[in-house]
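Work out the full structure: start from the sequences and follow the hints.
So you can see what is in the structure, the chains are spelled out below.
Protein chains: 2
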Amino acid sequence: MDAQLDRLKLDSNGLIPAIIQDHKSGEVLAMFWMNREAIEKTIATGKVHSYSRSRGRLALKGETSGHFEHVRAILTDCDKDALVIKVEQVGGACHEGYYSCFYNEYQTGSEEWKNVGKKIFDPGKVYHK
Amino acid sequence: MDAQLDRLKLDSNGLIPAIIQDHKSGEVLAMFWMNREAIEKTIATGKVHSYSRSRGRLALKGETSGHFEHVRAILTDCDKDALVIKVEQVGGACHEGYYSCFYNEYQTGSEEWKNVGKKIFDPGKVYHK
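In order, the protein sequences belong to chains A and B.
Following our numbering, the numbering of the first sequence begins with 21 at its first residue and continues without gaps.
Following our numbering, the numbering of the second sequence begins with 21 at its first residue and continues without gaps.
These are calculated hints, taken from the structure and not from any lab test.
A few of these clues could be false.
For chains that are exact copies, the list does not tell them apart, and a pair is met inside one copy or across any two.
[Said to hold, decoys possible] In the DSSO-like style, the derived pairs of lysine-lysine whose C-alpha atoms are separated by at most 30 Å in a straight line are:
#, residue 1, residue 2
1, 145, 61
2, 100, 134
3, 145, 44
4, 29, 134
5, 100, 138
6, 29, 138
7, 100, 145
8, 139, 29
9, 67, 138
10, 61, 100
11, 61, 44
12, 100, 44
13, 100, 139
14, 44, 67
Next comes the structure, spelled out in structure tokens:
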């Protein structure tokens, strides 16, 4: 029972988008989907949990990689249908080895998104031990 | 025809979430939904356009209020199913008078989200002339 969470507007699948943001730099690291249980677990443990739509279950971010996201603040918007979660990121947020998942930048007149990210870890070592 | 946009993964309704971020401070200002046409208009005009699910049509942010969002960069994530749009915000992003829509902060043990925003304009004057 959490009256604040009762006020959130989840979508028809019981989900809400959660924007994960570096609490110091403000960099947007990822966007996850959460259900009520994921939000509650995130609050209870202080570590970001998401609802994986592809796997149909809760996922603790960092469970395999050790790249946990420690919660510093949780905000919602005027409509209460989206979250911003400010975190201290361990390692990198992206399973492809980048600090942020948002490493592709649009380039006018180009055929391809430009990779503007910097790899900070080797996903092969982190995810396939 | 834009090969970069062809690579985006829109959802079953043809929509993709777009996180609007202040290009200087990194503050997250809003989350909008966009369809292909909204993305194309945003690129063509340099001003954020969203797809309003409630009104079922394209909306130019700032059309009524003058609070346009001038695009500085467009990024997508590893899965290409979300956007970050870095903008220069005129006025405030929130129709309730705040610079950012994310002005409610979760408070452990409280019944209510805490309003941590600062009103920067009077919505009554901006939206009901």
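Hint by hint, here is what the structure shows:
1. Taking identical chains as interchangeable, the C-alpha atoms of residue 145 and residue 61 lie at most 30 Å apart only when both belong to the same chain, with a minimum of 28 Å there against 42 Å between chains.
2. Proximity of residue 100 to residue 134 under the C-alpha cut-off of 30 Å is restricted to the inter-copy arrangement: shortest distance 13 Å between copies versus 33 Å within a copy.
3. Proximity of residue 145 to residue 44 under the C-alpha cut-off of 30 Å is restricted to the intra-copy arrangement: shortest distance 27 Å within a copy versus 35 Å between copies.
4. In the homo-oligomer, the alpha carbons of residue 29 and residue 134 lie at most 30 Å apart only across protomers (17 Å), although the nearest pairing inside one protomer, at 35 Å, exceeds that limit.
5. For the identical chains of this complex, residue 100 and residue 138 are inter-copy neighbours only, at 17 Å across copies versus 34 Å inside a copy, given an alpha-carbon limit of 30 Å.
6. Proximity of residue 29 to residue 138 under the C-alpha cut-off of 30 Å is restricted to the inter-copy arrangement: shortest distance 23 Å between copies versus 36 Å within a copy.
7. Only between protomers do residue 100 and residue 145 lie at most 30 Å apart by alpha-carbon distance; the minimum there is 24 Å, versus 39 Å within a single protomer.
8. In this assembly of identical chains, the alpha carbons of residue 139 and residue 29 lie at most 30 Å apart only when taken from different copies (23 Å versus 36 Å within one copy).
9. In this assembly of identical chains, residue 67 and residue 138 lie within 30 Å of each other by CA distance both inside one copy and across copies; the values are 25 Å within and 28 Å between.
10. When the C-alpha separation of residue 61 and residue 100 is checked against a cutoff of 30 Å, the pair qualifies both within a copy, at 19 Å, and between copies, at 27 Å.
11. For a Cα distance limit of 30 Å, the shortest separation of residue 61 from residue 44 inside one copy, 23 Å, qualifies, whereas the shortest one across copies, 33 Å, does not.
12. Taking identical chains as interchangeable, the C-alpha atoms of residue 100 and residue 44 lie at most 30 Å apart whether they share a chain (24 Å) or sit on different chains (25 Å).
13. With identical chains, the CA atoms of residue 100 and residue 139 are at most 30 Å apart between copies only, with a shortest distance of 18 Å across copies and 34 Å within one.
14. Both within a single protomer and between protomers do residue 44 and residue 67 lie at most 30 Å apart by alpha-carbon distance, with minima of 17 Å and 28 Å respectively.
Figure legend: structure checked against the earlier numbered hints; every hint is met.
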